[in-house]
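Protein chains in written order, with our numbering: chain A, 1 to 371; chain B, 1 to 371; chain C, 1 to 404; chain D, 1 to 404.
Some hints could be false.
Distance ranges between label pairs, derived from CB positions [what the hints assert, rightly or not]: (1) C:Thr308 / D:Val394: 35 to 45 Å; (2) B:Thr140 / D:Pro344: 36 to 46 Å; (3) A:Thr140 / B:Ser142: 33 to 43 Å.
Calculated lysine-lysine pairs in the DSS-like style (CA-CA distance at most 25 Å, straight line) [stated by the list, open to error]: (4) C:Lys392 / B:Lys368; (5) C:Lys392 / C:Lys226; (6) D:Lys226 / D:Lys197; (7) B:Lys145 / B:Lys23; (8) C:Lys107 / C:Lys190; (9) D:Lys108 / D:Lys26; (10) A:Lys368 / D:Lys226; (11) C:Lys322 / D:Lys108; (12) A:Lys145 / A:Lys107; (13) C:Lys107 / C:Lys293; (14) A:Lys167 / A:Lys145; (15) D:Lys293 / C:Lys392.
One-sided excerpt, in silico: chain D residues whose CB lies under 10 Å from chain A [to be verified]: (16) Met1; (17) Arg18; (18) Trp19; (19) Leu20; (20) Leu252; (21) Asp269; (22) Thr273; (23) Tyr349; (24) Gly351; (25) Glu371; (26) Ile377; (27) Glu379.
Simulated from the structure, these hints should not be mistaken for laboratory data.
Yeah, the Cβ is synthetic: ideal placement off N, Cα and C, and Gly gets one too.
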Amino acid sequence: MNFEFSSEQNLLRDQAKSFLADKSPLRVARQVLEGESSHDAELWRSIAAMGWTATTIPEKYHGLGLGQLELCVIAEELGRALSPVPFSSSVYMATEALLLGGSEAQKEALLGKLAQGEAIGCMALAEQAGSLSPNSIQSTVSTGKLTGTKLMVADGDLADFAVVLAKSGDDCSLYLVDLNGDGVERETVATMDPSRSHARISFTAAEADLLGTAGDGFQLLAGVLDHAAVLYAFEQVAGAEACLDMAKEYALQRYAFGRPIASYQALKHRMAQMYVACVLARSNCYYGAWALSTRAAELPVAAATARVSATQAFKMCAEENIQIHGGMGFTWEFDCHLYYRRHKLLAVNIGSESFWKDRLITRIEAQKAAA
Amino acid sequence: MNFEFSSEQNLLRDQAKSFLADKSPLRVARQVLEGESSHDAELWRSIAAMGWTATTIPEKYHGLGLGQLELCVIAEELGRALSPVPFSSSVYMATEALLLGGSEAQKEALLGKLAQGEAIGCMALAEQAGSLSPNSIQSTVSTGKLTGTKLMVADGDLADFAVVLAKSGDDCSLYLVDLNGDGVERETVATMDPSRSHARISFTAAEADLLGTAGDGFQLLAGVLDHAAVLYAFEQVAGAEACLDMAKEYALQRYAFGRPIASYQALKHRMAQMYVACVLARSNCYYGAWALSTRAAELPVAAATARVSATQAFKMCAEENIQIHGGMGFTWEFDCHLYYRRHKLLAVNIGSESFWKDRLITRIEAQKAAA
Amino acid sequence: MDFNDTQQEADFRQEARRWLEENAPKMADVKATDPIERAQAWQMMKYQAGWACLRWPKEYGGRGASAVESSIFSEEEGRVSVPVGAFTIGQGMAAPTMMQYASEEQKKQYLPRLASGEDIWCQLFSEPAGGSDLAALTTRSVRDGDDWVINGQKIWTSGAHYSDYGIMVTRSDPTVPKHKGLTYFFLDMKSAGIEIKPIKQISGDSNFNEVYFTDVRIPDSQRLGKVGEGWAVSMTTLMNERAAIAGGGPGLLSFEGAYALASELQIDDAPATQDRAVRNQLADWYCKESGLKYTFARTQSALSRGDTPGPENSIGKLVSAKKSQEIASFCIDLMEMVGASLSPEAGPYGGQFQNAYMGSPGGRIAGGSDEIMMNIIAERVLGLPQDIRVDKEVPFNEIPTGNK
Amino acid sequence: MDFNDTQQEADFRQEARRWLEENAPKMADVKATDPIERAQAWQMMKYQAGWACLRWPKEYGGRGASAVESSIFSEEEGRVSVPVGAFTIGQGMAAPTMMQYASEEQKKQYLPRLASGEDIWCQLFSEPAGGSDLAALTTRSVRDGDDWVINGQKIWTSGAHYSDYGIMVTRSDPTVPKHKGLTYFFLDMKSAGIEIKPIKQISGDSNFNEVYFTDVRIPDSQRLGKVGEGWAVSMTTLMNERAAIAGGGPGLLSFEGAYALASELQIDDAPATQDRAVRNQLADWYCKESGLKYTFARTQSALSRGDTPGPENSIGKLVSAKKSQEIASFCIDLMEMVGASLSPEAGPYGGQFQNAYMGSPGGRIAGGSDEIMMNIIAERVLGLPQDIRVDKEVPFNEIPTGNK
């Protein structure tokens, strides 16, 4: 039994932590939040230079060929730092989509650039509010040309290509689309968390290259989302812990009625519950990481479990962190809102807690049926 | 605006309170709980002598012809006292079923006896665990004879007649059945709250007299349950308040670490939340009472609202009352468990919180559709 | 038990309604566009017709009406479209304090102008290190001849930049126990030495200010209550803080708002309102709102009977604030992958629930945090003991304050 | 990151499994029917083969094994059907205290008999007025020659009536502050003057006792630790209280139990497992159980590395106890109108969830209430300050105790 990260992985964590403490303190997220830029381009270059974008890409495609556990370690630290970079879109999802479904030619063409951080990929999925289903997809590909509009594409305004969910006849498939090509219009949209950029993208007869097997779009997407779910969960649990730390520090130094507010039972018990939520979520994340790294049959269950648990923990901790800070907590000047915004962004943009809960039960049922 | 009980009704409340303090202190409920008898027959006779069983029965049927508000007042005090009598079955439900659906002959035959407490009625509905629906009903009536088995019939072992939900062909209807007649076998069943008696009743070609219109069973039942829901809610809110009072008294006199445990914020805030739940539930009960007494079109919504709110309040207060009592709270000797048992009994035996929540939304939707 | 007025109430309601229906439309003729000016114009109309500050004595600009009449007028006023706001603190908190502590001359001078809306007042109580512990304030007042000289900082002051006057509590003696060294004043907000800075909230709005005092002079004649008895005067002010039971009516963050959204969105290709989990959650909020609504009705009945409603009113804010945050969060979740968008094209009510979610933490803190509300219920309603207080008998300047 | 044993661990597991598979079936030959006697028989088998109390030194009846080996053996033992129980307090709490405080002679005398299961021990700490405040105990010990004379009452003692020995903390000096006047002993439970009364719980079961002491004599040689230092000794005992992380495995009050029930019941003529509200709730419990399971795995990894797991273990009981109550309540609700029946005919698992609901409040209180668990997490894990203590410096007999 060795249900923890190895010493090499922990070393990587220490490196990541000190790298991000230097290059991505919270004010970097705040600068993007308050400014006009879609991300911190310099930070992105440094991250690529560290090789993080190449982590899970096989060496034959000029990647590092490391395991998923290394990626989990990086995800956790990026989540804690709220780093304003397109890492999740490009690495957790676009890269994984190519690894799972890409043809040799597609891999050759893109993985090397993704590894170097030279190309940025993104996912273009939803077209309307509500749950994602074949019926909700209006975008169509016909004779290799995509037409349709995608909403809330994370990093869509800075990405080089998108993995797009679209229909051809009644079939839903994923397609690779060059976002710098013809027939692509993008517009940055306002979101709850401007430290991470999102776009509306309209495609008008844009070149679309089928990824994976025709008609398997939702199935391939499920694989990508499972992968992303575990990595998002690491970002979320680190965010949750950062909130608990902030709340604790503040409560220890803030006095009311002659004693630190941290000595009041209402706040102590609140923080104890935040801690419990963080521990449960972290342990479920490790389960997800293990499943991811071993491509275990339990992955679909483990990913959903980690995702639900981490979403719950981050929600509780981000909301209660503000509450524990009192009036100061809802000022722009304090950092509480950076995590509050990020928690809600992460809570929805690969599907809500309720969506993943339903998915979890569906998968447990599939396991039971198979057993 | 006069959203409160009148001074006459409050006088009735004071009378009821002092009557029950005398005749039905908690040890009376405990005696039935710990003993063999199905109810306190002497208490039942005294209650009938007070005229409570006759409250809403019109004078022409030898009742008092008082309003529903008077019945609400009585329900509240019976709920607080946990009185071990078949009042809810006989008065809230069987009497109401007759008033709503009974023919003149049926009313003549039974209402006078019900008013005097000479006859006790009950409802025989469920045949299996899970939600009540036409599909869940196997009991059938053919040529006036009922065959089937009903579970968890409240007061079924002591009642004189039952209002039975059964099928004739595909139609569900309510029937009046004499429980002392032929073809009726009853067996007292063990329940979580033995201070209120329940029976399993098997009917074998027992005489069954149609109540209301054939095929309207579920609709008539809905009316009876709405009526019962408001009165149950009064019992529940009074139970909840009794738990809060017990918890408060105990916490004020019990010391830990040199101070009353009532001074610890964790318990103070818990009790504040119990109080909030009680206030919300009580206000919703008043809304239900108003709707009941004026036979307002809002009754279906108001009844469900009162029921949900009161179920929530009683659950929280009964559970947390034990928790606040600590070790003493889960001893047989303390009275906490009397309310804990009763809360769970009342929470399910006219349908669960979740059932009533769904019904509430259905009814709000009907209102919206009608508007 | 009924929702109907007594005959007397009905007559009053009739009269109020008639006046409102005749006069509210006149607001269309008011040229001003600034919301404060429009509110002032409407307030002046009411004042001139005897419908302002109904419960105040007539000589101070009121009508000498009963609590129930006042509440009937508010209800009726709520039915017509007129600009409100800006007067809550002045009329609701400053005025009752003035009535109790100011000289007759001052009352005659200031109260009618408060009633007419000519003057707007703000409240200067909270301080950065204070929070829930109001009496921990450190803004100093030092007597100098006929004046007091004020130095320090207040925070969370709504409307400081457009207010004419302020009510303020200060520390006149830091060497005696906390609650004994306070002195209370009212002051001209245009006095020299006052600097006002808006506070940006996480929602991006700025509804509050920081107010800095540097050698600001207040004449001793503007002191309310005795020197060192400012705490008692503050309590008068705060007792009048409207412990409003937010009814959770047809607004966005209500059952209706959430139901409307859910009926426009799909879960697994069916309307979200058919989803049992959604229905369960909606029912929960409906019951809470209904409970608050009828608690309010019970309070009104008590008023009608002449009783004073007690601190049980504090349940309103406690329940509503948390519910609002839950509804906002839930509705964003219903929008799924586009839920974080502020853009209208991303779905019904684009951005509204999202902005409301950013505003909602404020509701759980401003005007008494959830925790303070629960303390109030526990102590004042249920009669449970106060927590242990280590700061009660100690000289104020010896109370531990940590680093900040 | 993997779930596999190291080679050494795998070898040990293999050896343990082989012994268990050979020996567990021999329990079929044991004639005794009393569960305690059966547990003793199995314990003796383990003892004789060197598989009892694995981490204890060999000279006291153990095996001198590592924490991880001990945990592997427990896991393997969990896979075979053998009687357990009755030894938790003796082996888990009394023995470590004896090892630290008893004389060498006493250790040689008592520990092997604890390891073999011949002797059963109980713990006499809690008192009626104590509750969470263990040190408030009032059972008096008075020195009399070579003995101490004990008078008072203990409560919540599991197994008092079948125990041979007990560990006990008493108040030897009520005139000094609370924690300073305690003295700790072990004693023969058959001593004269001990009266044992079972406590009936709300579930109807009697798992605990009240134990009354009237002039019970204990030789001073059975004192553990110095006079007045009983608190420190108690801490040793309690540190060893198994802060077990209840994994919420395949039991009744678990995701699996609730899922199984839901799949047999209908809501609106469809299996309850298709109801989204039910699914949401089930998923929540699954995630909690999974979280506890893998927290346990992380703890095991720490053990495996040689680290001592910290107080973060206390999350297990806190999460499981509340979850158990919720599951029981929820499942009863799923049964709808027949939910309160204890009869098997009323539905699947007839009566089981109902009885479990009656037992569940105990889980939130026994072994440290929810509130104490949260205090422990807040103070020992997060490092937040203790609440204000008014009872620390005061002589014990001057601490306020209210009416009881």
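Status of the hints after comparison with the structure:
no.: 1; hint: C:Thr308 / D:Val394: 35 to 45 Å; in the structure: holds (42 Å)
no.: 2; hint: B:Thr140 / D:Pro344: 36 to 46 Å; in the structure: violated (25 Å)
no.: 3; hint: A:Thr140 / B:Ser142: 33 to 43 Å; in the structure: violated (60 Å)
no.: 4; hint: C:Lys392 / B:Lys368; in the structure: violated (56 Å)
no.: 5; hint: C:Lys392 / C:Lys226; in the structure: holds (20 Å)
no.: 6; hint: D:Lys226 / D:Lys197; in the structure: violated (31 Å)
no.: 7; hint: B:Lys145 / B:Lys23; in the structure: violated (41 Å)
no.: 8; hint: C:Lys107 / C:Lys190; in the structure: holds (20 Å)
no.: 9; hint: D:Lys108 / D:Lys26; in the structure: violated (29 Å)
no.: 10; hint: A:Lys368 / D:Lys226; in the structure: violated (59 Å)
no.: 11; hint: C:Lys322 / D:Lys108; in the structure: violated (61 Å)
no.: 12; hint: A:Lys145 / A:Lys107; in the structure: holds (21 Å)
no.: 13; hint: C:Lys107 / C:Lys293; in the structure: violated (36 Å)
no.: 14; hint: A:Lys167 / A:Lys145; in the structure: holds (11 Å)
no.: 15; hint: D:Lys293 / C:Lys392; in the structure: violated (48 Å)
no.: 16; hint: Met1; in the structure: holds (5 Å)
no.: 17; hint: Arg18; in the structure: violated (20 Å)
no.: 18; hint: Trp19; in the structure: violated (20 Å)
no.: 19; hint: Leu20; in the structure: violated (19 Å)
no.: 20; hint: Leu252; in the structure: violated (18 Å)
no.: 21; hint: Asp269; in the structure: violated (19 Å)
no.: 22; hint: Thr273; in the structure: holds (8 Å)
no.: 23; hint: Tyr349; in the structure: violated (18 Å)
no.: 24; hint: Gly351; in the structure: violated (26 Å)
no.: 25; hint: Glu371; in the structure: holds (7 Å)
no.: 26; hint: Ile377; in the structure: holds (4 Å)
no.: 27; hint: Glu379; in the structure: holds (7 Å)
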